[in-house]
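So the protein sequences, as listed, match chains A and B. Per the numbering used here, the very first residue in the first sequence carries number 46; after that it's consecutive. Per the numbering used here, the very first residue in the second sequence carries number 6; after that it's consecutive.
To be clear, the hints were calculated from the coordinates, so they are not data collected in a lab. Ideal Cβ positions, reconstructed from N, Cα and C, are used throughout, including at glycine.
Here are some chain B residues pointing at chain A (derived, C-beta under 10 Å): (1) Y40; (2) Q42; (3) M46; (4) G63; (5) F95; (6) A97; (7) R100; (8) F105; (9) G106.
Label-pair ranges, simulated between beta-carbon atoms: (10) B:N67 - A:S71: 22 to 30 Å; (11) B:N35 - A:V99: 20 to 28 Å; (12) A:Q90 - B:N33: 17 to 25 Å; (13) B:N35 - A:T154: 36 to 44 Å.
So these bits of chain A aren't anywhere near chain B, every CB distance computed over 10 Å: (14) H52; (15) D62; (16) T69; (17) D72; (18) S73; (19) A74; (20) N76; (21) N98; (22) E101; (23) K102; (24) D104; (25) R106; (26) L111; (27) N112; (28) K116; (29) P157.
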Amino acid sequence: GENVEQHPSTLSVQEGDSAVIKCTYSDSASNYFPWYKQELGKGPQLIIDIRSNVGEKKDQRIAVTLNKTAKHFSLHITETQPEDSAVYFCSVELGSNYKLTFGKGTLLTVNP
Amino acid sequence: NAGVTQTPKFQVLKTGQSMTLQCAQDMNHNSMYWYRQDPGMGLRLIYYSASEGTTDKGEVPNGYNVSRLNKREFSLRLESAAPSQTSVYFCASMRTEAFFGQGTRLTVV
Numbered sequence: 046g047e048n049v050e051q052h053p054s055t056l057s058v059q060e061g062d063s064a065v066i067k068c069t070y071s072d073s074a075s076n077y078f079p080w081y082k083q084e085l086g087k088g089p090q091l092i093i094d095i096r097s098n099v100g101e102k103k104d105q106r107i108a109v110t111l112n113k114t115a116k117h118f119s120l121h122i123t124e125t126q127p128e129d130s131a132v133y134f135c136s137v138e139l140g141s142n143y144k145l146t147f148g149k150g151t152l153l154t155v156n157p
Numbered sequence: 006n007a008g009v010t011q012t013p014k015f016q017v018l019k020t021g022q023s024m025t026l027q028c029a030q031d032m033n034h035n036s037m038y039w040y041r042q043d044p045g046m047g048l049r050l051i052y053y054s055a056s057e058g059t060t061d062k063g064e065v066p067n068g069y070n071v072s073r074l075n076k077r078e079f080s081l082r083l084e085s086a087a088p089s090q091t092s093v094y095f096c097a098s099m100r101t102e103a104f105f106g107q108g109t110r111l112t113v114v
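For reference, chain B alone in the conformation it holds in the complex:
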């Protein structure tokens, strides 16, 4: 039972490049989330998916897109990375409590 698995753990991108962050959970949760964590800012919700087939914007969605591929997988895509997107990204899934992945540390240069 792995819980929530994120890949990759680290990534460096050049400005304008694109990439997809992958997330998978094996707890059969309906709800999945993407957060970003910046120093002094806590965890801010980017997008979430309340169930398979639905996605909604969170607090800071600009510059991101998501796909709920199936019940297990929820991916986050940066189409044209910007330095302001340098952050640590966390995926989470939830039924009655939230379980977080280990995070992806992304640097955009």
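Okay, chain A solo, but in the shape it has when bound:
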């Protein structure tokens, strides 16, 4: 099955700095790469996603980049704010089977 590695497991930044979280995957047939944000006591919520025919996607302060050759993708958050503090999960869908495999998560702390 698909294997997803996520780094770092924890990340602490100062407010206003940028944060980058990286994921690698094993199956070259994977074609959908969503990122989820989970706040304390809540379920994960989609924040941005990218499909395999696109190299980069931006939505305001967040962006995702995809390198299919190297089989890795990254989440970039610019101008971080305290409300960005949460656990972030990368995930991968193989083919069109609608099954998502998740990384182990990154706890992001933004210090005021």
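Since the structure of chain A is already known, use the hints to place chain B on it.
Same frame as chain A, but now just chain B:
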């Protein structure tokens, strides 16, 4: 529009007891999922249902059973709970993106 609703939110069971976690979605999605979340382990797929009437095992199915009651509802049953099943359980439904419920925090003592 409630999205994905899970019940109960919290539950404590004794070892050997059984219970069913309920999940319902109102987005008319075909696919539904049960995940468990443990510290440092991310979200691991227990079972999923690609459409009404079908269910398949995920990564960690042992000790669980599921029922896709209709298009809206997908339940997860623990027949004989074990301490290793202490976890937070999330139900999700998906068409092009996954929507998660608020989770059920289960403790087995």
